[in-house]
Amino acid sequence: MQDQLLSHGVRVLKGLGLNYEFLLAASERAAFLHGLVVTIELSLATMFCSLLIGATLAAMLVSPQHWLSWSARAFVELTRNTPTLVQLYCAFLVFNMLLTQALQSAGGNPLTPFFWVVTVISLHKGAFHAESLRAGLQAIPAVTLEAAASLGFTRTKQLWLVQFPLALRFVLPSLINNLVDLVKMTTIASAIAVGDITYESIMIWTQRDNVLELMLLLLLFFGALTYLVNLGGRWLERRLRMPGYGQ
Amino acid sequence: MDMRQCRQHLSHMDMVFYSFPASWRLFTVDPSALKQSLFIEENMNAIQSVAPSSLKSNNFLLACAAAAAAAMLFSAGAHADATWDKIKQRHKIVVGVLLSGGPFGSIDPATQKPNGWNVELAEDIARQLGVALELVQVQPSNRVQLLQQGKADILIAGMEWTPERNEILSFSPTPFYRVGGIAIVPQSSSIKRWEDLRGKEVCLSQGSNYAKPLTAEYGASVKGFKSSAESLLALRGNNCVAAVHDAILLNPLVNGNPEWQGYRTISPELIPGNSVVWARKGEQDTVAAIDKIVQGWHKSGWLIATEKKLNISPASPALVELHEKFKKS
Chain A
1 MQDQLLSHGV
11 RVLKGLGLNY
21 EFLLAASERA
31 AFLHGLVVTI
41 ELSLATMFCS
51 LLIGATLAAM
61 LVSPQHWLSW
71 SARAFVELTR
81 NTPTLVQLYC
91 AFLVFNMLLT
101 QALQSAGGNP
111 LTPFFWVVTV
121 ISLHKGAFHA
131 ESLRAGLQAI
141 PAVTLEAAAS
151 LGFTRTKQLW
161 LVQFPLALRF
171 VLPSLINNLV
181 DLVKMTTIAS
191 AIAVGDITYE
201 SIMIWTQRDN
211 VLELMLLLLL
221 FFGALTYLVN
231 LGGRWLERRL
241 RMPGYGQ
Chain B
1 MDMRQCRQHL
11 SHMDMVFYSF
21 PASWRLFTVD
31 PSALKQSLFI
41 EENMNAIQSV
51 APSSLKSNNF
61 LLACAAAAAA
71 AMLFSAGAHA
81 DATWDKIKQR
91 HKIVVGVLLS
101 GGPFGSIDPA
111 TQKPNGWNVE
121 LAEDIARQLG
131 VALELVQVQP
141 SNRVQLLQQG
151 KADILIAGME
161 WTPERNEILS
171 FSPTPFYRVG
181 GIAIVPQSSS
191 IKRWEDLRGK
201 EVCLSQGSNY
211 AKPLTAEYGA
221 SVKGFKSSAE
231 SLLALRGNNC
241 VAAVHDAILL
251 NPLVNGNPEW
261 QGYRTISPEL
271 IPGNSVVWAR
281 KGEQDTVAAI
291 DKIVQGWHKS
301 GWLIATEKKL
311 NISPASPALV
321 ELHEKFKKS
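Chains as they are written, first to last, in the working numbering: chain A, 1 to 247; chain B, 1 to 329.
These aren't lab readings, by the way, just hints derived from the structure by calculation.
A virtual CB, placed ideally from N, CA and C, is assigned to each residue, including glycine.
Just to be clear, a hint being listed does not mean it is correct.
To be verified - To give a feel for the contact side, a few chain B residues facing chain A, derived at Cβ under 7 Å:
hint	residue
1	Q139
2	I168
3	G237
4	K309
Take these sequences, add in the hints, and give me the full structure.
Shown next, in the form of structure tokens:
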């Protein structure tokens, strides 16, 4: 039944000049669907890791300890100012190769291409999150912090219990902006043959030359995915709104 | 009507046009036909007498269409091939070449100029046609699109003849080389035959036509990288057990490159195929002209001499075979 429906749909589209015949080939359809899942996995993993890295870096950036803030600053500038694809090639083709050679005697290198993509994108986007969060952290009025200090909050408690919760509300739109960009950035995984949706599409269209058809699917898929991120962001904004604060 | 503006407009149309599915084009007029007709000045005079009112009007597209329609009436049958006209009109041929390293096509590190087999062939085609040469570097992943979008007139890019490509492109029937895929593996690897690749990860470049036989016949799982350079680096990083590329790319590596001393190749060649020169679908004049040149190469033995000059080893038996065949004719 489902197969019939699918082949009928493909025939109708063929009549319109769109070649979606790959959907009828079981192996290619499976590869494409697997690509969808991998992209979603990549997006979720990088979102989580990048936010974690971003929060840590932001805390370091606003730290009164110079060695902490300067090392965080150096890292942010380095990652932010070099292209992600170059970083990925550097990490996977150069660093990973050296690691493999070093670990040859110890039973081989356990790190997968998926791991490298998540690491590189998380570090790259983490730097952007850190700068957004810094804007929020520094927007907290000094008197609020003085009030917290007078109530006996230590520096660390001030940061986690006063500064971060308030800052999050300021920077949410900017963070969501970064996350939308991050979802789209997962497409660079295709460069090192991680089987994400872009990679599977490239592998199909280089054999079938149906670039336009797959581009349309990619467009729809990423459109839907980023829209979901956007919806989630809006929901959080409403959820976290504090009456009398900011608006 | 300003003809330059009209031409510019049409060249944009052309780009948009070739990115549509083939059957959509049936419903529209082929812009390359419009364009070619605009190159013929005497046709323009004819049009001016046929449709003076539309030319005076501001309706630019209508004028273009009228011009093209009239021009096609006057030149019906005389010009079937827009690429050939474009080459003649510009006195230049744009050749897409694959420069993936090695003697078949690479960039000279000292001069930054492309050289190798593909480039030598392109240069000789331009010389024999009596036009200037422009080289465009292509990758296996984008070469068909670049040709279809008009960024290159012909492709000399290690592309073997396949039934799928035959559906969407035209080609000069005489092959200029015969090549298949071989695998490169570390010396210590347990892989001795193609069958040993079952269930293992194999690196290749995106767009490689070895993906199909490797997965379908030998059950390998393929990982496609942007180009052969990344694929070979991934092999060195142990991300796959073997890399499969054209024999003409891998043989020089294991034979002469000190960096690849610890590696060996797996034969016999996978799906050996005829490398031919590709052109856009239906460009018969271009294809005929190129085929005459290719046959001339075989007849004179120029290809064998070029192979020797570039130190390509092992020497291709197919070239000797083709030389014998065309020597007699």
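Against the structure, the hints:
{"no.": "1", "hint": "Q139", "in the structure": "violated (10 Å)"}
{"no.": "2", "hint": "I168", "in the structure": "holds (6 Å)"}
{"no.": "3", "hint": "G237", "in the structure": "holds (4 Å)"}
{"no.": "4", "hint": "K309", "in the structure": "violated (33 Å)"}
Checked against the numbered hints above, the structure violates hints 1, 4; every other hint is satisfied.
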